[in-house]
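Peer 1: Okay, here's what each chain looks like letter by letter:
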Amino acid sequence: MSSPVRVIGAGAIDVRGVVGSFLEPFEFEASGPAGVRWKDVFSLPNPSFRRLDLFGKCVCLCAEAAGAGRLLDEKQRKNTALVLASRFGCLHSDLRFAGSLAPGERVEPAVFPYTLPSTCLGELAIRHRFQGPLLALISTSAGEGPALFEAQELVATGEAAAALVCIGDCLPEEEAARIGLEPRLALTTLLLTGQESGSPTLLDWTRVREAADPLGVVSAALWGDER
Amino acid sequence: MSAADEARIHVAGRGACTRLGVGTQGFLEAIFEGQSALRAFERLAGTECLTTVAAEMSGDVLEQAGGEGGLAFHLAHNAAIEALAEGGEPDRSRLGLVLSTTKGELGGVWGPGEGLGNPGLLADRLARSLEIGGARAAVSCACASGLASIALASRWIARGSAERVLVVGTDALSPFILRGFSSLLALDSGPCRPFDAKRRGLSLGEAGGALLLSGDPTESLGQRVVAWGESNDANHITGPSRDGEGLCLAASRALRRAGLEPASLDYIHLHGTGTVYNDTMESAALARLFGGPTAPASGTKRQTGHTLGAAGLIESLVALEALRRRVAPANVGLEESGVHADLTLLRESSALPEHAFALKLAAGFGGINAAVVFGS
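In order, the protein sequence lines correspond to chains A and B. Sequential numbering from 1 applies to the first sequence in the working numbering. Sequential numbering from 1 applies to the second sequence in the working numbering.
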């Protein structure tokens, strides 16, 4: 029996850089994703990229690397679902906004909306006119299973024409140290559609879903390694 | 999935922990009597922001919670316990849990504690405390978290992943939240005035709310989740679309799933924050949906404040109670409508038929829109 959905695009970010089905590996400099300009990666200007928080930047880079801006037609975009699974979500922005409330500091209104983990998905929606359901799931353990399943079901039941799933975290060293956590930079995006979509299949969905480490399968395929 | 399949999602239990009442009955009595919990700051006094008004929990609840840091958990726990009791204490080992919250507990980010503003940590704590062993999820979709959570739980039941799911919404106020909204100039200096010509912004509140949903009709209290729909404005991160297209799309999707026309709706419970842009957008969305005068509509944030992750739950309790009582509540504090003339804003409570449909709406930062249709 064929899978109810297909993977037509994928992207991944880790400490090495960003890679995707629509992006040759782009290696980060020592400053990591914080210092990256959109133009450096995709050779096009994108002035609004600068205003994003770090998590939003990583999500948008990873989604673009997966072909989020290229693979779906207008009708599909009208009902493309966005699903996020993350452990730390927007913790980086939480700490930054809290810091701006300290005595003697200036409150940063522009940071406050990014203290919601779903805001990065809103940024994706604005960039690509995605108007489907939006679901941000925050868990303390690996959340990829439920997120992949919910995305699959949204497409398989016809509730969404396509789904862009973003799974992972972006917690820089400095902020992680402040609260005694390990820094983490690992984000994967998958673009799913139904069987009737015209785009070619990138990865076998069943193989991804049933793998012990689904994100490892995606990352290995994109980076060309077997970590 | 057909609307007939989704009609299997029954409301089996309710819980509320709010300033208007600790317990669903007290909360709903206060709402239908037109009371408001908005009053001068108590524990938040001295917070540097554009208002001195909010719907804070009382000092005794705060004490039971062990202070502000434990309040979000306490509100969620109280509401959950009540919903489980009304639902006949279902087997918790297989019960699903969906937690709706924007920030969970902020300790570690703001003040002492280890909550880290992480909804997942709060969901784990709640599941452990209540010994809930089924699937669980923590949903943080801004101010639409509550309806997004009801939609997620309904999907689980509709596709057979769970027989019963407890949906709990909670958020507690703190200077982090108050100053955040204040910095965006989103707060009214006094009590909010949703849909009024003189509205200036929202008022914040804190609460816990819960719904026990079940696929078993013998457990029904008489109301059900008929359908849901979600969308994104894809327009602006903090501002809603001016023409209401996104919210209209979410409501249209819910109605299509339910197999209903707008004219089939008997009541609309509005998101109604009191900000100029939200209320204008919401009225435009409904005018667009109906193509003329809408079904009777009201909102209750003037009474509860905007309780963020709890709002979708406690406001769904109001919509469900309207169906149960066959009475739609009035818009408290509304003097002169300042929104689209086609939005039929209730100035007095209004009778509903025995078998009725109510539409509940929500919208949030990131352009998120959600709609749920309830039926009796």
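Since the hints were made in silico from the structure, they are not lab data. None of the values given here were measured: they were computed from a predicted structure. Warning: the hint list may mix true and false statements.
With a Cα cut of at most 20 Å, we get these calculated DMTMM-like pairs of lysine to aspartate or glutamate [unchecked claim]:
id: 1; chain 1: A; residue 1: 75; chain 2: A; residue 2: 196
id: 2; chain 1: B; residue 1: 198; chain 2: B; residue 2: 335
id: 3; chain 1: A; residue 1: 39; chain 2: A; residue 2: 24
id: 4; chain 1: A; residue 1: 78; chain 2: A; residue 2: 204
id: 5; chain 1: A; residue 1: 75; chain 2: B; residue 2: 245
id: 6; chain 1: A; residue 1: 78; chain 2: B; residue 2: 245
id: 7; chain 1: B; residue 1: 198; chain 2: B; residue 2: 60
id: 8; chain 1: A; residue 1: 39; chain 2: A; residue 2: 27
id: 9; chain 1: A; residue 1: 78; chain 2: B; residue 2: 243
Peer 1: Keeping to a limit of 20 Å between CA atoms, is the pair of residue 75 of chain A and residue 196 of chain A held or broken?
Peer 2: OK: residue 75 of chain A and residue 196 of chain A at ~13 Å, within 20 Å.
Peer 1: Keeping to a limit of 20 Å between CA atoms, is the pair of residue 198 of chain B and residue 335 of chain B held or broken?
Peer 2: Status holds; Cα separation ~9 Å.
Peer 1: Below or equal to 20 Å on CA atoms is what counts here, so check residue 198 of chain B against residue 60 of chain B.
Peer 2: violated (35 Å)
Peer 1: CA of residue 39 of chain A to CA of residue 24 of chain A, is that 20 Å or under?
Peer 2: holds (14 Å)
Peer 1: CA of residue 78 of chain A to CA of residue 204 of chain A, is that 20 Å or under?
Peer 2: violated (25 Å)
Peer 1: For a C-alpha distance cap of 20 Å, please report whether residue 78 of chain A and residue 245 of chain B respect it.
Peer 2: At roughly 12 Å apart (the allowed maximum being 20 Å), residue 245 of chain B and residue 78 of chain A satisfy the hint.
Peer 1: Given the proposed pairing of residue 39 of chain A with residue 27 of chain A, does the C-alpha separation stay at or below 20 Å?
Peer 2: Given that 20 Å is the threshold and the Cα spacing comes to 14 Å, the pair holds.
Peer 1: Residue 78 of chain A and residue 243 of chain B were given as a pair; does the straight-line alpha-carbon distance stay at or below 20 Å?
Peer 2: Measuring from Cα to Cα gives roughly 16 Å; hence the hint holds.
Peer 1: Does residue 75 of chain A pair with residue 245 of chain B here, judged by a C-alpha cut-off of 20 Å?
Peer 2: holds (16 Å)
The structure does not agree with the numbered hints 4 and 7 stated previously, though it agrees with the rest.
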